[in-house]
Every structure is written in structure tokens, then in C-alpha cells.
Amino acid sequence: MSSPQRVALIIGAGPNIGDSVAHALLKQDYKVAVGSRTAKRSTDAFYPFTIDITKPESIKAAFDTVAKELGPPNVVVFNGNLRSFSYEPANSTDPLTMSLAAYTQANTVSASFFAAAKESLASFRLPVHGDLPKAMIVTGNLAPFLPVIPETAVFLGLAVQKKIAAYLMELCQNIYGKEGLRFHYAHLVASDGGIPPIEAFLVSGPAHAKAYMHLINASEPEPWDYRQVLLDGLVSISLTLHQQVHNGWRNVQCKVVFQYWNQVQAER
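At the far end of the sequence shown sits residue 268, using my numbering, and the numbering has no gaps.
Note that these hints are calculated values from the structure, not bench results.
Quick caveat: nothing in here was measured; it's all calculated off a predicted structure.
Ideal Cβ positions, reconstructed from N, Cα and C, are used throughout, including at glycine.
Each hint should be verified, as a subset may be incorrect.
[Stated by the list, open to error] Simulated DEER-style distance windows between Cβ atoms:
no., residue 1, residue 2, range
1, K68, G194, 42 to 50 Å
2, E179, D94, 41 to 49 Å
3, T54, E220, 35 to 43 Å
4, P127, P221, 19 to 27 Å
5, D131, N174, 19 to 27 Å
6, D29, T97, 44 to 52 Å
[As the list claims (entries may be wrong)] Derived SDA-like pairs: lysine to any residue, alpha-carbon spacing no greater than 25 Å straight-line:
no., residue 1, residue 2
7, K178, P197
8, K31, K68
9, K31, A67
With the hints as extra help, turn the sequences into a complete structure.
The structure is reproduced here in C-alpha cells:
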């Protein structure tokens, strides 16, 4: 009997994280489908498909297309978000100066996260995958965990997207993890646990790819909240994140990985 085909579906095929993750999966014998609004790639190694994360109905169509052309995916990476400042408040410390149209648009991306999780679950449960790993990974950021203060109001549009994504990944991991399925919210943080400099995001593709391959292939599942830091050393630690919730605190288990940037770049 032939081995089941490894298929990965990437939503958000950008030149940094999306491209690095696609190449890493290709090296592990995956058929890789990469989605964007234009569905263009510079190489024939990947299967391009059209998707628009501001149109949640396009998510199911994309999954159906990939399943027909390559087979149902056992790995899904959601790497898309709306980053334009046109989706943020006009006044950076006044959240309600954000237009209703912009807020609504940000919420359509939240609906796309839900649609992708729904389609991923259906695909992961198909018997055709056998013992292959089954994982959905959302490329996140710290927005869901930032203190709710005026200085963070500028991130309203992005926070709307990422808070829903983080909640969904935690919820899905807690419920469907019992089936051996994996759902992760993975993101880059600074060495002090805060927001990294923009320069780190611009060169973090290889580090994200290395982290995502670990999340997919680790013998034991990592916590749903997986964080990595680019430093001059490679250390893997688990920690408890204390997140304020209303008038109390809850403990959220997350994983922080310190990656040696020169090493992951060399392994690219």
C-alpha cells in the first residue's frame, strides 16, 4: 500500500513567512498549495490558488480546489491579515475614530479564520491521511495579549483579527487536540516578551518555517500559544503566561523558542 500523500495549504503566500514555510514543506515531500489574491508564483514547484481573506466564502472554495488538484490538506497555514493603516483608527489613541467600514472589513478576516478552521477540521478527519500529522497554524502577533490601554488603540483592526484567531486556536486545540489534531497560534516576540522591532518581522521567514516544521512534526504537541524570539542562541523553554481577564487572572500555557538567527538562515 502506498503512503498517504502529504498536502499543505498556505493562505497568504507572501515573500517572507509564506515563501519560507512553503519551501520548508516542499523539502519534507509535501505537495504545497499557496494562496493569494493573484495566485501567481515564480516557480512551478507550488500549486497556486486564488483566495481573498476579506471574502470568507472564498475559503471553502479554495479548500475544494486544492483537494481536487492535490488532495485534501493535512497541514494548513493561515498567514494572512489586513495590515494597512486604513483599517486602524484615524486617531491612534481614539478607537472609535475607526470607520465602521474598516471595522467590518477586519471582522470579515475573523470570519475567514473560522471558515479555515472549519474546513481544516473536516479535512483532518478524512481517513485518507492515515498517520500523517494534522496541523493548522495561524501566524499571529502579540495583539491579543497586549494591555487594553489607549496606546494600543492603534492596533484595533489587527487586534480584532488576531484575538479571534488566538481564541479559535486555543478552543480548537482544547477540544480537537484529543483526536490527535493540532491547532497553534504562532508568533514572534522580543527578548523581553514584548513587541519585536519591525526589522525582526522582515527577516523572520526562515525562523517561522523552522518553528512551524517543529509544531507539525514534534512527537508531542506543543501548547497552542507558541512564541519565538530571535537571539544569539538556540534555547527552547515553556512558560506560563499570566493574562489578565476582566477582574482576575488565568494561566495560559505557551511555548517560547529562542532561535539563533544565523543558524536558521544558514539552514534555509
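Status of each hint after checking the structure:
no.: 1; hint: K68 x G194: 42 to 50 Å; in the structure: 44 Å, holds
no.: 2; hint: E179 x D94: 41 to 49 Å; in the structure: 45 Å, holds
no.: 3; hint: T54 x E220: 35 to 43 Å; in the structure: 36 Å, holds
no.: 4; hint: P127 x P221: 19 to 27 Å; in the structure: 21 Å, holds
no.: 5; hint: D131 x N174: 19 to 27 Å; in the structure: 23 Å, holds
no.: 6; hint: D29 x T97: 44 to 52 Å; in the structure: 50 Å, holds
no.: 7; hint: K178 x P197; in the structure: 37 Å, violated
no.: 8; hint: K31 x K68; in the structure: 13 Å, holds
no.: 9; hint: K31 x A67; in the structure: 11 Å, holds
Comparing the model with each earlier hint shows a violation of hint 7 alone; every other hint is respected.
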